[in-house]
Amino acid sequence: DPTSSITIIDGEEETPYGRMALPYFLTGQISEKALRLRKKKNHFDKLHIECLKDRVEEISPKQNIITLNDTGQLSFDRLLLATGSIPINPPIPGVSGSNIHHCWTLDDARKILKGLGQSTEVVLIGAGFIGCIIMEALSLSGAKLTVLEIENRMVPRMMDKAAGDLIKKWCLGRGVSVLTSTRVIGIEDYKNKKTVILENGKTIQADIIVVATGVKPNTSFLEGSSIKVDHGVIVNNKLESNIQNIYAAGDVAQGPDFLTSGWSVHAVQPTGVEHGRVAALGMTGQEINYRGSLNMNVLDTLGLVSCSFGLWEGIEGGQQVKRLDEENFRYTVLNFDEDRLIGALLVGRTENIGVVRGLIQTSLRLGPWKDRLMVDPNEIVAAYIESTTAYSHIHMFRKSRRKNAAIRENLEDSLQKSPDKIRVSGSNKEEKVPIGEKIKSLDIDELGDPNIEKIKIRLKLYAMLSKYLPNYAEKNEAVLKIAVKTNVQSILEAYNVPNEYCHLVLVNGHYAAPSERRKIILKEGDVVAVWPPVAGG
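First residue of the sequence shown: 1, per this note's numbering; consecutive thereafter.
Rather than coming from a laboratory, the hints here were simulated on the basis of the structure.
Being a predicted model, the structure only gives us computed values, none of them experimental.
Accuracy of the hints is not assured; some may be wrong.
What follows is a list of derived Cβ distance ranges for each label pair [as the list claims (entries may be wrong)]:
#: 1; residue 1: N236; residue 2: N378; range: 21 to 31 Å
#: 2; residue 1: G175; residue 2: G224; range: 43 to 53 Å
#: 3; residue 1: G367; residue 2: V95; range: 20 to 30 Å
#: 4; residue 1: N42; residue 2: I65; range: 47 to 57 Å
#: 5; residue 1: K216; residue 2: N378; range: 34 to 44 Å
#: 6; residue 1: G224; residue 2: K202; range: 23 to 33 Å
Here a beta-carbon is modelled for each residue, glycine too, at the ideal position from N, C-alpha and C.
Let the hints inform the model, and build the full structure from the sequences given.
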């Protein structure tokens, strides 16, 4: 809506930065400058967006007015609450003293970095998701690190006991001291250090203490506003609160849950990005029916990748299968409701992360594959490929969000006619490119894209998807032939496949992990397959 005026109110005296990148700043892998999300000083000015560095004291929904700490009052037509989460301060005597930090803001990270060095004694209180991310940064700094967790395992909110113990064993093997089932009852000053007092009577000396005992939605400023708050701000499938024209998104929002049909706070980056898009559509009057967010966490702990998706603890009446390979730090848990995958835990099996997410998000019926997975859950990739072959290529084109409608219409028409080969015109020369057995021809005179190489990639990807591997098990290959040098990421971009929706990429029959997409170079004749073509709509 280019006619509207937009005002952003931010309580931090910083230009926008990536909070998720703070651990990399601590290790020195990136500079403070690289943290910035908007590097040009006039970025917001060009968009006619006013930025105020202030804090909201009160919201008056009936008057459509917000009261700020310094600026006074502002009126609004539509309001978005995107205040995120704030760290939880545990009820520990002495926890607010000097050299005790959260690692939530850039200022927190600066203070921690100032005190870090070789042989610095650091105590990290909390081994949850955030604690484990910070732990890696602290460990790589050369500090002598001790991690304290009150629960009986690491990452208790996203991992079961077996998975948490596996991660703990991994950390111990890399020189990090981890104490689970350990409660801190006090922190005291001792000379130039801190003394951490444990419930079992033992003490630990520290130069720096980092507190990572969880976060909660930042909603305290909404008290008395009549905006409905439970754990977070309750919103509908347009992310609108109980007050018309007031929306909430991200960590502060308690929105529709894709799997439970209830309302949940999913304080993770993918949900924040998704919420931002949905809220923007709603605030500009677009029609949208948001299906809800998926509970998901992917964690890299000193090189051991683990993840949990959906209802990872299972449901009453559901079925669960587990496979543990403790020696190789591999663990798989799958949870089913009838023949649908509804939740999973993975440790050390990065090759299956995208596939698991895809099966849960698409709610695909696995049929006989569910029983096979109960015997061997590590066959999940094969189950995914076989189950998704039922997708219609025409359906996927209709669902796609391609900008060039003319190209799409010509391609759909070509699929129906099933001629001999693809003929691409759009440059000074015409090229004929053999493609496969089912989609065999396309004649487009006006493509509207001067980049013939990119056009060829796009058209060939269409061709591959039209056939969609009905004989994959026999041939173990896709039908997409690449005639130009490129990489997998370029193919995804040419097809407008968002990274977060691409669950599986195969190159010459071998899995290409998401982190490897930018490294793989495709040569003429290489074979590529991408699943699913319509994930996420």
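Here is how each hint holds up against the structure:
With their beta carbons about 40 Å apart, N236 and N378 fall outside the hinted range of 21 to 31 Å. Under the hint 43 to 53 Å, the C-beta atoms of G175 and G224, about 50 Å apart, fit the expected range. Distance hint for G367 and V95: a CB-CB separation of about 53 Å, inconsistent with the stated range 20 to 30 Å. Hint check: N42 to I65, Cβ distance near 30 Å, so the stated range 47 to 57 Å is violated.
A hinted range of 34 to 44 Å for the beta carbons of K216 and N378 is consistent with their spacing of about 37 Å. Roughly 45 Å separates the CB atoms of G224 and K202, a value that falls outside the hinted 23 to 33 Å.
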